[in-house]
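For any residue, its number in my numbering is found by taking its place in the sequence shown, counting from 1, and adding 71.
Don't read these hints as lab results, they were simulated from the structure.
Hints are not guaranteed to be accurate.
DSSO-like cross-link-like pairs, simulated, lysine-lysine; straight-line CA separation at most 30 Å [what the hints assert, rightly or not]:
hint, residue 1, residue 2
1, K217, K396
2, K454, K434
3, K213, K434
Label pairs and their in silico Cβ distance ranges [to be verified]:
hint, residue 1, residue 2, range
4, S234, E534, 13 to 21 Å
5, A481, E558, 29 to 37 Å
6, E530, G389, 57 to 65 Å
7, T471, A207, 29 to 37 Å
8, Q357, R517, 18 to 26 Å
9, D390, E558, 43 to 51 Å
10, A527, T475, 28 to 36 Å
11, T475, E558, 32 to 40 Å
12, L232, S557, 26 to 34 Å
13, A207, E392, 24 to 32 Å
14, T201, K452, 46 to 54 Å
15, R317, S487, 23 to 31 Å
Just so you know, even glycine gets a beta-carbon here, dropped at the ideal spot from N, CA and C.
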Amino acid sequence: MGVFIVGARDRERCNSDAWRERMVDFLRARGRVLPIIVCLHAHPETHREQHKQQQCAARTVRKPRTQLRAAQSNLHRGRPSWQHIASLPFATLRRMNARFTWTSSHSLTTAVSLAVLLTMGCARSRVVQTDEVLVAEGDARKAALKADAMITGRAMIERVLRSEGDDRTIDVLIISGGGDFGAFGAAFLRGWSEIEGDGAMPLFDGVTGVSTGALIAPFAFLGTKADLLECENLYRNPKSDWVRTRGPLFFMPDNESFAEVPGLERELRSSVSKERIERIAAQGEQGRALFVNTTDLDQGCVHPFELTTAAKLACKTGDYERVYKILLASAGIPGAFPPREIDGTLYADGGITSNILYGGLVKREQTAMYRFNQLMPDEPKLKMRYWVLLNNQARTLPHTTQPTWPDVIARSIDISIRASTLTSLRHLYSFAEVLSLHGDGEVEVRWIGIPNEWRAPVEGIFEKETMNNLADLGYTMGKDPSVWNSEAP
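All chains should be modelled from the sequences, with the hints used to inform the complete structure.
In structure tokens form, the structure reads like this:
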């Protein structure tokens with residue numbers, strides 16, 4: 072739905088048919104279902120008499136076709152009243168011409184009220200599936216994910232066997248969500264890449280990312296200093312249009328989200344270029360894996376996408392849009408940023424279901440370590456090293472919460488995500504201990520996060536001062552190999 076409100080000073084321009092046609096085309100070109108142009112004209116000397124006449128008209132019983140004609144006539148004359156519009160059946164309102172003017176001494180309130188009324192039910196809707204269909208789709212999807220996991224595990228085993236020497240180490244980098252705090256993780260990785268010798272950054276066999284971590288993950292996966300510098304610069308230079316509210320009616324329930332992210336989409340397409348996607352696909356051929364976590368809103372569960380597979384498909388078909396949709400879906404904060412429809416399913420922020428992706432649903436028999444031991448019982452056992460990069464503090468910071476619904480909701484989401492992140496990290500430690508106790512091999516878990524004592528220099532999201540402060544901190548910590556924690560939080 073597109074609503075364009077024009078002030079009283081623009082009355083002459085608004086009354087131009089050519090101008091109104093251009094505005095309707097402009098709004099429709101941006102995907103608006105029913106463009107509406109509201110011109111605000113102030114005529115207090117005539118309004119009172121018009122208002123009386125229109126109140127009488129509103130009480131007149133008309134058939135739908137007569138109502139439609141009367142409504143269109145009044146709208147084009149610029150003389151409707153709120154009472155008259157409110158008395159019309161919704162079906163009649165929906166059949167009205169998309170262009171009209173409005174005359175009222177209470178013009179702004181009336182125009183907004185009319186816009187709210189007309190936007191009801193205008194959102195793009197999806198076909199509602201039966202429970203049976205959804206359950207069948209969910210079962211098929213789980214089976215496909217399990218099969219993909221087996222293929223990925225086999226590729227990693229083959230990669231280890233191809234490695235020179237007796238090194239049987241598999242390194243996995245896990246990057247959490249954290250919104251604009253991803254500036255810490257992006258700069259930390261660049262600092263880490265500058266270490267040589269002991270403590271140097273390994274070439275990761277697997278990289279996983281969630282939300283902002285999903286945007287960092289492709290650069291970490293490629294791993295060159297140029298890639299990591301590109302990622303850091305992206306987070307050091309936020310643009311004003313990265314996040315943009317949907318105008319004065321952003322709160323309408325038919326909107327996909329409060330905000331849209333045109334600038335972030337633009338920067339993502341520029342940074343994760345076709346050349347980088349081709350390189351990701353090539354690394355996948357060598358047995359490396361890049362997973363991005365999303366939440367399947369239809370099935371209500373975690374859904375990791377293996378991005379090297381998506382990259383290979385994009386290179387084959389020439390359609391790279393699916394790769395961008397996956398990355399944007401993982402970063403689609405529910406309510407704030409729009410979800411993404413991929414292959415007929417709606418996906419949102421991976422942090423809803425798991426803010427770190429580490430294979431928590433995998434059973435022991437499905438792990439690469441167990442399968443390697445079954446295939447190669449006489450070979451030295453594998454060693455797994457998990458490197459967990461938290462784009463946030465491990466501790467939920469104290470905060471005086473105001474008794475207003477926006478503050479309560481924001482605080483509740485923050486507490487929930489931080490708590491689930493710590494639970495997942497502790498589960499990873501427990502999982503590693505179980506594998507070690509079973510004799511499947513040696514498992515190490517190390518993690519790092521923003522220090523608990525750090526505070527943002529300015530309030531707000533995507534503030535350049537805060538993001539650069541975090542980037543400076545991350546870069547400094549990344550160059551110090553002693554900062555990693557080996558004990559569970």
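Going down the list of hints, with the structure as the test:
1. K217 / K396: Distance ~22 Å between K217 and K396 Cα, so the pair holds.
2. K454 / K434: This hinted pair holds, its Cα atoms lying about 18 Å apart.
3. K213 / K434: holds, 14 Å
4. S234 / E534: 13 to 21 Å: violated, 44 Å
5. A481 / E558: 29 to 37 Å: holds, 31 Å
6. E530 / G389: 57 to 65 Å: violated, 44 Å
7. T471 / A207: 29 to 37 Å: Violated, since T471 and A207 (Cβ atoms, about 49 Å apart) do not stay within the stated range.
8. Q357 / R517: 18 to 26 Å: Given about 24 Å between the Cβ atoms, the range holds.
9. D390 / E558: 43 to 51 Å: Holds: the Cβ-Cβ distance is about 46 Å, inside 43 to 51 Å.
10. A527 / T475: 28 to 36 Å: The hinted range 28 to 36 Å is violated for A527 and T475, with Cβ atoms some 21 Å apart.
11. T475 / E558: 32 to 40 Å: For T475 and E558 the Cβ distance comes to about 39 Å; the hint holds.
12. L232 / S557: 26 to 34 Å: Because 29 Å falls inside the window, the suggested range holds.
13. A207 / E392: 24 to 32 Å: Given a distance of about 27 Å, which is inside 24 to 32 Å, the answer is holds.
14. T201 / K452: 46 to 54 Å: holds, 48 Å
15. R317 / S487: 23 to 31 Å: For R317 and S487 the Cβ distance comes to about 25 Å; the hint holds.
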